[in-house]
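S.K.: So you can see what is in the structure, the chains are spelled out below.
Number of protein chains: 2
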Amino acid sequence: MAKVVVGMLGFGTVGTGVIRLLGETSGLHLKRVAVKNASKKRALTAPCPVTENPMELIDDPEIEVIIEVMGGEHPALELLRAAIEKRKHIVTANKEVLAKHGPELFKLAAAKGVAIFFEASVAGGIPLISTIHKGLEANKIMQVTGILNGTTNFILSSMEEKSEDFQTALAAAQALGFAEADPTSDIEAHDVAYKLSILTALAFGSFARAEEIYRKGISSISPEDFRQAKEFGYRIKLLGSTSRKSGGLDVRVLPTLVPLSHPLANVSGANNGIVVQGNAVGELMMIGPGAGEMPTASAIVGDLVNLATALKLPDFASYFQAAVSSEWAKLSDPGDWVCPYYLRLYVHDHPGVIGQIGTIFGSHGLSIRSIIQHGVDDGHASVTIVTHAVKEANMQAAIQDLSKKEFLKRMAACLPIYVSGN
Amino acid sequence: MAKVVVGMLGFGTVGTGVIRLLGETSGLHLKRVAVKNASKKRALTAPCPVTENPMELIDDPEIEVIIEVMGGEHPALELLRAAIEKRKHIVTANKEVLAKHGPELFKLAAAKGVAIFFEASVAGGIPLISTIHKGLEANKIMQVTGILNGTTNFILSSMEEKSEDFQTALAAAQALGFAEADPTSDIEAHDVAYKLSILTALAFGSFARAEEIYRKGISSISPEDFRQAKEFGYRIKLLGSTSRKSGGLDVRVLPTLVPLSHPLANVSGANNGIVVQGNAVGELMMIGPGAGEMPTASAIVGDLVNLATALKLPDFASYFQAAVSSEWAKLSDPGDWVCPYYLRLYVHDHPGVIGQIGTIFGSHGLSIRSIIQHGVDDGHASVTIVTHAVKEANMQAAIQDLSKKEFLKRMAACLPIYVSGN
Chain A
1 MAKVVVGMLG
11 FGTVGTGVIR
21 LLGETSGLHL
31 KRVAVKNASK
41 KRALTAPCPV
51 TENPMELIDD
61 PEIEVIIEVM
71 GGEHPALELL
81 RAAIEKRKHI
91 VTANKEVLAK
101 HGPELFKLAA
111 AKGVAIFFEA
121 SVAGGIPLIS
131 TIHKGLEANK
141 IMQVTGILNG
151 TTNFILSSME
161 EKSEDFQTAL
171 AAAQALGFAE
181 ADPTSDIEAH
191 DVAYKLSILT
201 ALAFGSFARA
211 EEIYRKGISS
221 ISPEDFRQAK
231 EFGYRIKLLG
241 STSRKSGGLD
251 VRVLPTLVPL
261 SHPLANVSGA
271 NNGIVVQGNA
281 VGELMMIGPG
291 AGEMPTASAI
301 VGDLVNLATA
311 LKLPDFASYF
321 QAAVSSEWAK
331 LSDPGDWVCP
341 YYLRLYVHDH
351 PGVIGQIGTI
361 FGSHGLSIRS
371 IIQHGVDDGH
381 ASVTIVTHAV
391 KEANMQAAIQ
401 DLSKKEFLKR
411 MAACLPIYVS
421 GN
Chain B
423 MAKVVVGMLG
433 FGTVGTGVIR
443 LLGETSGLHL
453 KRVAVKNASK
463 KRALTAPCPV
473 TENPMELIDD
483 PEIEVIIEVM
493 GGEHPALELL
503 RAAIEKRKHI
513 VTANKEVLAK
523 HGPELFKLAA
533 AKGVAIFFEA
543 SVAGGIPLIS
553 TIHKGLEANK
563 IMQVTGILNG
573 TTNFILSSME
583 EKSEDFQTAL
593 AAAQALGFAE
603 ADPTSDIEAH
613 DVAYKLSILT
623 ALAFGSFARA
633 EEIYRKGISS
643 ISPEDFRQAK
653 EFGYRIKLLG
663 STSRKSGGLD
673 VRVLPTLVPL
683 SHPLANVSGA
693 NNGIVVQGNA
703 VGELMMIGPG
713 AGEMPTASAI
723 VGDLVNLATA
733 LKLPDFASYF
743 QAAVSSEWAK
753 LSDPGDWVCP
763 YYLRLYVHDH
773 PGVIGQIGTI
783 FGSHGLSIRS
793 IIQHGVDDGH
803 ASVTIVTHAV
813 KEANMQAAIQ
823 DLSKKEFLKR
833 MAACLPIYVS
843 GN
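Taken in order, these protein sequences are the chains called A and B. Heads up, the first sequence is in my numbering, so the first residue is 1 and it goes up one at a time. Heads up, the second sequence is in my numbering, so the first residue is 423 and it goes up one at a time.
Just so you know, not all the hints are guaranteed correct.
What the hints assert, rightly or not - Straight-line Cα separation of at most 25 Å, DMTMM-like style, residue types lysine to aspartate or glutamate; simulated pairs: (1) B:Lys652 with A:Glu161; (2) B:Lys562 with A:Glu293; (3) B:Lys584 with A:Glu231; (4) B:Lys534 with B:Glu478; (5) A:Lys112 with A:Glu78; (6) A:Lys31 with A:Glu56.
These aren't lab readings, by the way, just hints derived from the structure by calculation. For clarity, every value in this text was computed on a predicted model and none was experimentally measured.
Put together the whole structure using the sequences plus the hints.
M.R.: Pasting the structure below:
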């Protein structure tokens, strides 16, 4: 059988994994790799010529598939566009390009009759894309929620286990290579927002604009929050979520309390864990490595093998291509969200404070499930509140009212609580 | 687009779910359903003629796909054989037929150029088959281990939570509809053995003969085992496992201690949970409903939709068909297994007993990691031992030696311990 000829843009960690794994895979021939700096020292030698001119791959009529593992928005976007124009099929790990330009690229691919495979762009080695796209084909997807960033999960796990503050845990993660020198994209949750944009396209048919996704990172979480959350039976995780609501799609990423008994609470270290809710299957959960050289290569080479086999079938692209709209998704108003909340505040320890808090909550229709007050030595008290399911807009209004009160010293945390099946 | 015409053999719980879900699915036309007793009262009315003669489906040239949800070995085997002979594609939930006759049926399907889809036969709504077959295509699968039977997981969860004995928990499960009137296939783990036979075919290319699979049910587990296991940091689960070993394939199902921190330990109630180990991805875990009307229908209709789309592609069967040998798998000698063990025994409380146990273990090269002795009021003592990884044959020899000693009152439990990544 003739081998399928592929070219690869990029040769970093993931590209290295792809080359390693291709060595064990038949039916594929890597003809050429394009890099920014061909003389850079790498972990292994490519089994093919390495060029600094990507157009050598894109203009090569023998190459049928382009693997894109360079990452970043530019020049990846321009190269992908050029490759699709030349009717190359695409296998990409680039979440940023898909989140920012997915509608355009999928529209172009449909016009050119080629397929874009992107299993590696979300959740690394976990075959989440194929599970939603093919495994749960009979389901109407209702919600996809999960731990989609290994770096922040590693930091949160360390903070809890070692009772470390955020900066200490971040520095340790950087020293171990689990966090980058500039960790902004991970800790401020831009990375998760990109992945949610893609998951939204897959589950609901349209990409969400990453900048419209409600986003809150982990830098304000303190070890005290882990202790308080545990007292109520929860663990704090950075959860990304996309779900179908009546007012549009609800897409958001923020630190969230997860019940200790839920498997999501037990996804530790650099792993990812995702819950998919379908109307027929109910809740399905996947846990696995969300990044790393070989897991990500597993996703890319898996796409390649599936694509290579399918290439023998005429006109297969429509079968494999995710049905994605060329419009952006309409997102719901965050104020309309409904879920239980966890609040932690410091107050001046005066008589009647709990009563005043209760009155404010009541005036906004917020129902308190439990409240714990701990005295603090310096005349202050820490108050932790867990509410029943409440509307976000009402919660924010109550916080506004609270912030005007003299008894409030500091609002330490206000985090939603994950409800399974909601 | 012309609809794909399908016929269904069987109209029980799963068949009912399939009809419900097909009502929301386009592109498929259910033409006829065959049942044993057409006048039986059912939860819903079929949207098509119901016959007692299955050959009306099999001989109908318009029907391209046969859904088989009748279950059991006969007459399902004969009907599937006849349908494949007539070049019908098959979507089946029948683990027993596949486990007992998989090699023959796949060989016949290959000869006739048709595909057998069987996502629903293992782990209900969890798309485990497509994940191993397509999602992890680039991986060499090393091991598949998991909780594959919801009934026994429900019983074990109840026993632990309510400190109930096995018979009480079984009766409660039967009353709730989670266990059948004759629960033998579930509690003696025949059901899991069938599923392991199929997973072995998928992961390693050949079906395992169900009767050759090492199998031990849950009826001998006691609430005391849950308490002791917890003291050592474990929970007891019925784990099925198929893995690649040097002497052949290691396929087995038996109650196993799982570390409390592992997500498998937190798969509770009627859920299934499976860990797949691939050489590139590492560990991937899936958790979800392993049975039930709509989850199982989700798997069947998912197969149908994927098949229906693929039918537009000429000669697609070779792409979708799992590569399965017509030979049965060669299984390894259970004596060669290596893993840590948990033992619980009752002894006469004489001086020197612990020393004698230690000597017997040492003489078989078994290394003890921890040992706890609790005095019991009546002059006996309970001894619980956790070993390091040991060879099964040596463990059995040590148990033989122990059973000859006068100090042994009773061997209460001898269970393996699950080691992640092993």
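S.K.: Return the numbers of the hints above that this structure violates; sort them in rising order.
M.R.: none
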